[in-house]
Amino acid sequence: MSTEDKSILGMTEVQFYKLKNKIIWAGISLATAVAVIAIVTPPYWMLNSSLSPFSLLRSVPPQWFPLEYTFAHYESVLFSSSYPRFYINSIIISIGVLVIVTSLSTLAGYGLTRFDFRQKRNFARMILFGYMFPPILLSIPMFVIWKDLGLHNTYLGVMLAISATRLPLCIWIMWQFFQTVPYSLEESAQMSGASRFRAFYEIALPISKPGILAVATLAVQGGWNAYTIPKIILVDQELWPITVGIQSFIKSSTILWPQIMAAVTLGMIPVIFFLYLLHGNWETISV
Amino acid sequence: MAIITVVPATTMFALIVAAPIVWSIAASFHSINALNPTWEFVGIANYVELLSSSQFWSSLGNNLIWATSTSVLNTVLGTAVALLLNQNFKFKRVLTPVMLFPYLVPTAFFGYIVMWLTTQQWGLLNQLLVAFGIISRENVIAFFTGDPWTAMGTLVAVHNWKFSIFVAILVYAKLQGISDDLYEAAIMSGATKYQQFRDITLPYIKNVLFITVLLRGLWNFNMFDLIWVATNANPIDSLVTLPVLAYKIGFQFQRLGLSNTIATTLFIILSIVGIIYFKTAKPSQEVRVE
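Those protein sequence lines, which keep their order, are chains A and B. Under this note's numbering, the residues of the first sequence are numbered 1 to 287, in order. Under this note's numbering, the residues of the second sequence are numbered 288 to 577, in order.
Any given hint could turn out to be false.
[Claimed, not checked] List time: in silico DSS-like cross-link candidates among lysine-lysine, alpha-carbon distance up to 30 angstroms: (1) A:K22 with B:K480; (2) A:K20 with B:K480; (3) B:K493 with A:K120; (4) A:K22 with B:K377; (5) A:K22 with B:K379; (6) B:K379 with A:K209; (7) A:K18 with B:K480; (8) A:K20 with B:K493; (9) A:K209 with A:K120; (10) B:K569 with A:K120; (11) A:K120 with B:K566; (12) A:K20 with B:K379; (13) A:K20 with B:K377; (14) B:K569 with A:K209; (15) A:K18 with B:K379; (16) A:K147 with B:K535; (17) A:K251 with A:K147; (18) A:K251 with B:K535; (19) A:K18 with B:K377; (20) B:K493 with B:K566.
Read the hints as simulated data drawn from the structure, not as lab findings. Since this is a predicted model, take the numbers as computed values, not measurements.
Start from the sequences and build out the full structure, keeping to the hints where you can.
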């Protein structure tokens with residue numbers, strides 16, 4: 001049988017498959033283009049709105065590439081609002097969460113790997129169960145408890161609360177990570193006279209640096225992203241992080257859109273930095 | 288040393304996660320005013336009030352619609368994005384971080400962006416609908432203040448911008464673990480693209496999809512920040528889910544006791560889902576626990 005006999009839709013088989021591959025390739029390209037446009041449009045519009053003069057925001061049809069740019073909205077956000085204060089609060093909260101979560105989860109991960117505990121399996125389950133907890137569920141009772149303890153309007157209270165939501169997952173990651181670190185190295189250090197703690201500090205800790213970095217990234221991200229917990233626990237405007245603080249640009253009579261978009265853009269700077277840090281290591285944040 | 292390593296984290300975990308739950312259960316049997324926190328024991332009155340109020344049941348209904356539709360869409364779109372990223376195309380090194388970026392954007396920030404995109408007069412969504420001739424300039428849509436179904440549909444749709452990427456990240460990581468040999472062998476034996484997907488890709492990602500759907504479903508069910516921010520702290524009735532209701536009752540009506548009753552109800556739902564999760568997905572087996 002020659003190839004001509006197997007013609008499909010008036011084409012030879014080879015032509016048909018070439019066409020079919022082209023169509024599949026075109027379909028994939030089109031889908032990718034649509035996905036990229038859908039993903040890029042909201043942040044682009046945010047940036048665009050924060051830079052356009054107010055009059056251009058209302059133009060019909062929308063001005064995709066405004067010919068005029070202005071930094072006036074950034075100026076008003078940075079120099080005549082409480083936004084810098086919120087930004088500093090966000091940084092303080094993120095650093096607090098970073099310190100608490102990284103140190104506690106590294107210690108706990110190490111301990112869980114190296115020492116024997118009864119009920120390890122149940123402990124693992126409990127940790128993961130804690131990971132599933134939504135902030136809204138914790139923060140309502142926390143508001144009551146924190147108020148009794150005098151923590152409900154403090155940085156420390158917020159740091160502890162956010163850390164609690166991040167801790168289970170981070171312990172889990174460090175637990176898994178330390179299992180890949182061979183114990184023999186520490187043993188040989190102990191043989192030559194190092195204390196157990198020194199063996200941990202000088203040998204296990206440096207090896208586990210990638211794990212600690214992953215946990216640190218998650219912790220900072222948790223601190224920077226937190227909305228529900230600070231919103232409920234922090235009553236005092238002076239202490240609000242940016243996620244909550246942006247609402248101060250919504251006045252009862254008017255909503256200052258360009259200022260909000262400028263504030264969100266500025267808040268995105270650390271996010272872009274994470275993107276750079278995580279490049280190629282996406283699995284670490286997905287868990 | 289054994290004690291020193293684990294105790295701080297465990298104590299903190301117990302104090303900060305377990306204590307609020309116990310507290311919340313206790314508080315759910317009391318009447319507490321948020322401004323003047325004296326506890327007044329009321330027995331199961333809060334539960335009776337909650338279960339007999341129509342608002343609770345409609346919120347639960349909204350919650351189920353919200354959680355199911357977002358989770359299904361997240362999974363389908365997220366898997367699609369992951370499959371796209373797994374293809375070899377030009378500019379892949381540039382496009383991969385761009386396509387995975389949304390998951391890093393804080394939900395609250397995304398909420399403000401959504402609020403801006405959906406404003407009635409100058410919002411981009413309405414502008415685009417007018418530009419493409421789908422609606423006329425006079426009939427711009429009030430996304431979150433008009434029709435209840437439009438509000439739900441819009442928020443479900445935009446939810447995917449960030450959260451289907453969560454699914455994409457997990458699935459993409461798993462897809463990269465599939466050896467090319469498998470596909471080559473399949474192509475050699477004449478399998479079509481669809482057959483390759485059904486017999487190689489799908490079995491490989493089935494487990495991760497299962498865990499993702501469960502976690503996403505749970506978190507979507509309990510989502511508060513996006514709903515609250517995007518609707519400018521004033522969600523339309525169809526978007527009042529149980530977490531939103533708990534917040535409103537606790538902090539707008541100052542009834543912390545009743546608010547904790549809702550939190551306890553959510554906790555019970557969460558526990559049931561959690562048990563299913565541990566029975567079926569067995570996540571604790573991933574760590575050697577001997």
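Cross-check of the supplied hints:
1. The straight-line distance between the Cα atoms of K22 of chain A and K480 of chain B is roughly 14 angstroms, inside the 30 angstroms bound, and the hint therefore holds.
2. Restraint check: the Cα-Cα separation between K20 of chain A and K480 of chain B comes to about 11 angstroms, which is no more than 30 angstroms; the hinted pair holds.
3. A threshold of 30 angstroms between alpha carbons decides the hint, and for K493 of chain B with K120 of chain A the separation of about 28 angstroms falls inside it, so the pair holds.
4. For the proposed pair K22 of chain A and K377 of chain B, the alpha carbon gap of about 15 angstroms is at most 30 angstroms, so the pair holds.
5. Taken as a hint, the K22 of chain A and K379 of chain B pair is honoured in the structure, with Cα atoms around 19 angstroms apart against an allowance of 30 angstroms.
6. Taking the CA atoms of K379 of chain B and K209 of chain A, the gap is near 29 angstroms; set against the 30 angstroms cutoff, the hint holds.
7. Note on K18 of chain A and K480 of chain B: the hinted pairing holds, with a Cα-Cα distance of about 15 angstroms set against a maximum of 30 angstroms.
8. At roughly 28 angstroms between alpha-carbon atoms, K20 of chain A and K493 of chain B fall within 30 angstroms of each other, so this suggested pair holds.
9. This hinted pair checks out: K209 of chain A and K120 of chain A have alpha carbons roughly 25 angstroms apart, not beyond 30 angstroms.
10. A distance of roughly 15 angstroms separates the Cα atoms of K569 of chain B and K120 of chain A; the hinted pair therefore holds under the 30 angstroms criterion.
11. For a cut-off of 30 angstroms, the pair hint linking K120 of chain A to K566 of chain B stands: about 17 angstroms separates their Cα positions.
12. Simply put, K20 of chain A and K379 of chain B have alpha-carbon atoms about 23 angstroms apart, close enough for the 30 angstroms limit, and the pair holds.
13. For the hint linking K20 of chain A to K377 of chain B, the alpha-carbon distance of about 20 angstroms falls within 30 angstroms, and the restraint holds.
14. At most 30 angstroms may separate the alpha-carbon atoms for a hinted pair to count; K569 of chain B and K209 of chain A meet this at roughly 28 angstroms.
15. Straight-line distance between C-alpha atoms of K18 of chain A and K379 of chain B comes to about 24 angstroms, which keeps the hinted pair within the 30 angstroms bound.
16. As the CA atoms of K147 of chain A and K535 of chain B are separated by approximately 19 angstroms, the hinted pair is consistent with the 30 angstroms bound.
17. At most 30 angstroms may separate the alpha-carbon atoms for a hinted pair to count; K251 of chain A and K147 of chain A meet this at roughly 28 angstroms.
18. A distance of roughly 20 angstroms separates the Cα atoms of K251 of chain A and K535 of chain B; the hinted pair therefore holds under the 30 angstroms criterion.
19. Annotation: proposed proximity of K18 of chain A to K377 of chain B holds, straight-line Cα distance about 20 angstroms (limit 30 angstroms).
20. With a CA separation close to 17 angstroms, the supplied pair K493 of chain B and K566 of chain B stays within the 30 angstroms bound.
This entry satisfies every hint, going by the numbered hints stated previously.
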